[in-house]
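First to last, the protein sequences are chains H and V. Numbering-wise, the first sequence is residues 27 to 186 according to the numbering used here. Numbering-wise, the second sequence is residues 20 to 190 according to the numbering used here.
Hints were generated in silico from the structure; no laboratory data involved. Since we're looking at a predicted model, the values are computed, not measured. Treat each hint with caution, since some may be false.
Stated by the list, open to error - Here are the simulated lysine-lysine pairs, PhoX-like style, with alpha carbons at most 25 Å apart:
#, chain 1, residue 1, chain 2, residue 2
1, V, K111, V, K68
2, H, K114, V, K102
3, V, K151, V, K27
4, V, K151, H, K114
5, H, K118, V, K154
6, H, K116, V, K151
7, H, K180, V, K68
8, H, K73, H, K114
9, V, K68, H, K114
10, V, K34, V, K111
11, V, K154, V, K111
12, H, K116, H, K73
13, H, K116, V, K102
14, V, K151, H, K118
15, H, K116, V, K111
16, H, K116, V, K154
17, H, K73, V, K102
18, V, K27, V, K111
19, V, K111, H, K118
20, V, K154, V, K68
21, H, K114, V, K111
22, V, K27, V, K102
23, H, K114, V, K27
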Amino acid sequence: MSAVHNLTASEVQEGQQLPILTHTASATTIVLGALASRDWRPMHHDKDFAVERNGVRNIFINTPNNAAWFERYITDWTGPKGRLGRIKFKMKTSVFPGDEMVFSGRVARSTVDAGGCCWLDLELAVSVAGQVTTECQARVAVPADPNDNPWLRKGPRWQP
Amino acid sequence: MTDQLPSKVQEMIGKPLYEERTEFPIEMGYVYNTCAAVHNGNPLFWDSKVAAEITGGQIAPPTMLSVWFRPHYWAPGAEGERKALMTHFDLKELLELPEAVVAGSETIFGEPVRIGDVLTTRQIVREVGPLKQTKLGTGRFWTIDVETVNQHGDWVGTDIYTMLGYRRPGQ
Chain H
27 MSAVHNLTAS
37 EVQEGQQLPI
47 LTHTASATTI
57 VLGALASRDW
67 RPMHHDKDFA
77 VERNGVRNIF
87 INTPNNAAWF
97 ERYITDWTGP
107 KGRLGRIKFK
117 MKTSVFPGDE
127 MVFSGRVARS
137 TVDAGGCCWL
147 DLELAVSVAG
157 QVTTECQARV
167 AVPADPNDNP
177 WLRKGPRWQP
Chain V
20 MTDQLPSKVQ
30 EMIGKPLYEE
40 RTEFPIEMGY
50 VYNTCAAVHN
60 GNPLFWDSKV
70 AAEITGGQIA
80 PPTMLSVWFR
90 PHYWAPGAEG
100 ERKALMTHFD
110 LKELLELPEA
120 VVAGSETIFG
130 EPVRIGDVLT
140 TRQIVREVGP
150 LKQTKLGTGR
160 FWTIDVETVN
170 QHGDWVGTDI
180 YTMLGYRRPG
190 Q
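Could you build the full structure based on these sequences and the hints that come with them?
So this is what it looks like as structure tokens:
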């Protein structure tokens, strides 16, 4: 555990930018992501179907895999004690094999609820070639201090 | 198309429908593949000692909530295409709107989903909007909540889907 950094609320300020993450999507990871999320629809693994039926240029990332990318982006930054409370996103265009995804984000709000849980409201996006493909708003709980652990919160102490 | 909602649609609103259990207990195979697809190295999913220390045992990534309710592609005795979110397909049929897209989705997370859990879900149509002219065609927006609990009855999360069902011009 000593090698794992867990972000605490005191290290974060409103307006702070999250570090940029870039990753080039491949056909393999798109298919892997679709099948891992039990999404068998052909536009996520069959290029002919995607082109001929959906009128797009290739297979594309499915919605649950898009969510998994945002989760990874958030917890890469917070460390494993970061606990997602909410995530909301709007897909504007699709991500295809070969696209370089650029994840970016900022801390819109930092609050502490009545139960003492420290919340960060994040505004995130993934872009390809400068165009936003998905906008995302997320709410993540982070420890107040190194001894705190949001994962231990239950019932009325967990109000996402 | 009339703006009046069919009575069968009105009866669906606010009523829990399609209560169902996961077809198998939550397992690590899908977790590893999901993490591999997005290069997620969070030790909660790869290091059982870290998981024991932070979450009291291995859990699944929260954003996998909807994954556990998608039906097998094929199963013995199953006929026809098997679909998740049946209330959505019911609404498309009842409202005679053959096309649909996901207009937005939000998930709220409760208790973590643990390896070995058996989850139960139910779908609730929250609202069906009026007929609208959109860029895609004439249609309606509707919102469906999918509420999920674990085998202890603890709430583990709610997926909120906003859909646009529509008919293309000339369709």
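We went through each hint and held it up to the structure:
1. A distance of roughly 47 Å separates the Cα atoms of K111 (chain V) and K68 (chain V); the hinted pair therefore is violated under the 25 Å criterion.
2. This hinted pair checks out: K114 (chain H) and K102 (chain V) have alpha carbons roughly 23 Å apart, not beyond 25 Å.
3. A C-alpha spacing of about 20 Å is found between K151 (chain V) and K27 (chain V), which places the hinted pair at or below 25 Å, so the restraint holds.
4. With a C-alpha separation of about 24 Å, the suggested pair K151 (chain V) and K114 (chain H) falls inside the 25 Å cut-off, and the hint holds.
5. For the hint linking K118 (chain H) to K154 (chain V), the alpha-carbon distance of about 14 Å falls within 25 Å, and the restraint holds.
6. The hinted pair formed by K116 (chain H) and K151 (chain V) meets the criterion: a straight-line CA distance of about 20 Å does not exceed 25 Å.
7. For the hint pairing K180 (chain H) with K68 (chain V), the CA-to-CA distance comes to about 22 Å; that is within 25 Å, so the pair holds.
8. A distance of roughly 28 Å separates the Cα atoms of K73 (chain H) and K114 (chain H); the hinted pair therefore is violated under the 25 Å criterion.
9. Taking the CA atoms of K68 (chain V) and K114 (chain H), the gap is near 31 Å; set against the 25 Å cutoff, the hint is violated.
10. For a cut-off of 25 Å, the pair hint linking K34 (chain V) to K111 (chain V) stands: about 17 Å separates their Cα positions.
11. Taking the CA atoms of K154 (chain V) and K111 (chain V), the gap is near 18 Å; set against the 25 Å cutoff, the hint holds.
12. For the suggested pair K116 (chain H) and K73 (chain H), the alpha carbons sit about 24 Å apart, so the restraint of at most 25 Å is met.
13. Taking the CA atoms of K116 (chain H) and K102 (chain V), the gap is near 22 Å; set against the 25 Å cutoff, the hint holds.
14. Simply put, K151 (chain V) and K118 (chain H) have alpha-carbon atoms about 20 Å apart, close enough for the 25 Å limit, and the pair holds.
15. Straight-line distance between C-alpha atoms of K116 (chain H) and K111 (chain V) comes to about 21 Å, which keeps the hinted pair within the 25 Å bound.
16. With a C-alpha separation of about 17 Å, the suggested pairing of K116 (chain H) with K154 (chain V) holds against the 25 Å cut-off.
17. As the CA atoms of K73 (chain H) and K102 (chain V) are separated by approximately 22 Å, the hinted pair is consistent with the 25 Å bound.
18. A threshold of 25 Å between alpha carbons decides the hint, and for K27 (chain V) with K111 (chain V) the separation of about 12 Å falls inside it, so the pair holds.
19. A hinted pair counts as satisfied when its Cα atoms are at most 25 Å apart, and K111 (chain V) with K118 (chain H) qualifies at roughly 22 Å.
20. Taken as a hint, the K154 (chain V) and K68 (chain V) pair is broken in the structure, with Cα atoms around 52 Å apart against an allowance of 25 Å.
21. Restraint check for K114 (chain H) and K111 (chain V): the C-alpha separation of about 24 Å stays at or below 25 Å, so the hint holds.
22. Straight-line distance between C-alpha atoms of K27 (chain V) and K102 (chain V) comes to about 20 Å, which keeps the hinted pair within the 25 Å bound.
23. The hinted pair formed by K114 (chain H) and K27 (chain V) fails the criterion: a straight-line CA distance of about 30 Å is larger than 25 Å.
Checked against the numbered hints given earlier, this structure breaks hints 1, 8, 9, 20 and 23; the rest are met.
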